[in-house]
Amino acid sequence: MIQLTLVIQTDLSNDAQMLATTPILQADQLVKCYGEFTALDGLTFSLAPGESLGLLGVNGAGKTTAMNLLLGLTTPTSGQVRIFGLDFWKHRIEILRQINFSSAYTALPSNLLVWQNLTVFAKLYGVKNFKQKIDSLLEMLDITHLRKSVTGKLSAGESTRVNLAKSLLNDPRILLLDEPTASLDPDIADRVRKLLRKLQKENGLSILYTSHNMRDIEEVCDRLIFLHGGKVLAEGTPGDVHERFNRSSLEDLFIGVARGEVEAIGIQ
Amino acid sequence: MPFSINTVSALVLRYVYLYTRHPVRFVELIFWPLVDLFVWGFLTIYLQKQSTVEFPTSLSFLIGGMILWDVLFRSQQGVAISFLEDVWTRNLLNIFVAPVRTVEYVAATCLVGVLRVSVTLLVLTVVGALAYGFQISALGFSLLPFFGNLMLFGWFLGMISTALILRWGQAAESLAWAVPFFIQPFAAVFYPLSVLPVWLQPLANALPCTPIFEGMRAVLAGQAIPWSLIQQALILNSIWGAVATWFFAANLRHVRKTGLLVKVATQ
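Residue numbers (my numbering), protein chains in the order written: chain A, 949 to 1216; chain B, 47 to 313.
Here chain B stands alone, though its shape is the one from the complex:
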């Protein structure tokens, strides 16, 4: 399928203009992650001090989990919020009548996600190091496959969120923020998989992010890079990617057929 880098870069340029014209938008990328970092970080320090059990790695598990969770969350947001921006500004129809392929549009939103992740990551990494002495480099070479898999899954969740909003209209736009949190309790972000009830663990194991968070804790605890977990994440991402692509395409076909696309775009 033909693919135009120029089209993707034009769509990304729109977001670059948006953020450079309204720097206050960066607050959203920085403020909430920092709030989480400080609240949970200080809570963990407090619990550590109260505990008679030695668990020196718990803080690094928490900070590492927060940073990696933000990679997934911001990636998902990049796709979903980019789409909602077009809906809110009534620009969606202009995009759909322009020579923009669906794959180019999705690729642009994914790239916007990468840019959002980069900003948040930089802030969390620096503040995590200054406030808690947490070094993201402790993850070593596993950083790349960890980030890559989480970004991929974030994009696929973004496509699912967008497809649901397309189908159900603006009434469903809270899904743009809610979808990642449907899975967070089961994704072993801040606690190991073994903490979950046995009957919930198959659900957790179906998520590509679970092995990544498990792998993160393994590396931070001094173990070797868990390539089997990374491979598991990649396989699961392939499945989720196929499902998300099918779901998005099917919903786009549906809303074109039923006239919902125009309704969503002109509400």
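Okay, chain A solo, but in the shape it has when bound:
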């Protein structure tokens, strides 16, 4: 049986350099079955240090399942996850200390003040000098004025930035973001994207990003993996993946896949 691996690279010098370094995250042949349903079917990918990788796909493609496996929220049916060269399930606490997570579907306790929530998580992550850290994050995210606000009374944009502040408390080496700009207006979404790029460039932060927002993927991600039916449909830079399928844009490709118009060639 011939297996096609679709890896599209244009900027070979930067991508080749990235891929040449030891991956900071490696997922090997991840399979996740829920009864008869296979959510992920042999997903293999890696994340290089300082790289921003997007996971794209229609609802039910396996993006969130992949994210949950990488965070230890779900156990794989088979396959392995290695982060920082360590087996995730054997070194779970050590790994979790160095990564962080933000999602549109979780929240910080709504009945506490912003600084109280950040203090609790700073202590959970063992952050030293957490007061200064919290202050600097609030300033960086332009939410110092929300310090004493009740978390549950924040707007969507403010809440997202507070969640981001929480996810940056421990200076993570890898940041996993699950649709971080969902329900944000274009202005705030743009600010969040720019901030993430800035953190990636300045701090060497590696980012794993899932989103339905094509602009997010195009602006934040160096590389993307397009999942479909639990398998990799395509992998490459955002600029070239849609060209491979003769689609005018990533969004057009997404719609084509969702409507079954795109021939799923290259599925591994």
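By construction, these hints were calculated from the structure, which means they are not laboratory data. Computed from a prediction, not measured in an experiment: that's the story for all the values here. Even glycine gets a Cβ: it sits at the ideal position worked out from N, Cα and C. All the given hints hold, so there is nothing to weed out.
Derived pair list, reagent style DSS-like, types lysine-lysine, alpha-carbon separation capped at 27 Å:
1. A:Lys1142 with A:Lys1079
2. A:Lys1038 with A:Lys1076
3. A:Lys1038 with B:Lys303
4. A:Lys1149 with A:Lys1079
5. B:Lys309 with A:Lys1179
6. B:Lys309 with A:Lys1038
7. B:Lys309 with A:Lys1101
Distance windows between CB atoms, simulated:
8. B:Val70 with A:Ser1097: 18 to 26 Å
9. A:Asp1119 with B:Leu176: 51 to 59 Å
10. B:Val70 with A:Thr1092: 24 to 32 Å
11. A:Asp1083 with B:Arg299: 34 to 42 Å
12. B:Tyr237 with A:Ser1026: 54 to 62 Å
13. B:Arg71 with A:Tyr982: 32 to 40 Å
14. A:His1039 with B:Val172: 44 to 52 Å
15. A:His1039 with B:Gly179: 53 to 61 Å
16. A:Asp1119 with B:Trp292: 35 to 43 Å
17. A:Thr1092 with B:Leu80: 38 to 46 Å
18. A:His1039 with B:Arg299: 16 to 24 Å
Chain B: place on chain A using the hints.
Frame of chain A; chain B shown alone:
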């Protein structure tokens, strides 16, 4: 297994913040116990007055039973409600992706139970003394092993409640309040074990709290500290502890495997 006091204290700090920001939450710790104390206390006084039989210790049995039952109940609630707070605020996933070991999380919820017990205990002790002349000190040195065993059993019931909610989702969250009351009729809280039908007594004897309540009545009636009953409670607690730990761990593994953890946490 490594264990971080800092992690436990951070999780407990969350509840300290919660209660200090919303003092009205203390009402739940004070109001219902006081209602029980007054209703049952005055009822007992009334029955005493109607009765031609002398039973001077019945009131102290009732008040003592209520206070000790609250130790068990609040301990159980500490574990179960702490978990539900994380579910209700959609914060559970944030906890599970943080470097928090399961044992640290459970330990923090148990400590929250201790804090809840302390508040209720203080109120009931003071009001019990003022309203009925009941002195908790009448239990003497047996207080410590009595409280300790009841707290332990409360924690184990809390772990079982939490495991059931994890497994069955938010539809099962009423178990957080109901589980202790499944056993209350058989635990000889307000009446001696001998009152139960013979066929129910083995069930009662399987509960670690039953010998504690029997022991409480013995001490209040002027007998020596019943160390054999305390030992019986400790042995039963060891068994229940092992079962609760296994049950909790097994359910956590199951919900991780089946994806139910994420479902419960994001509902």
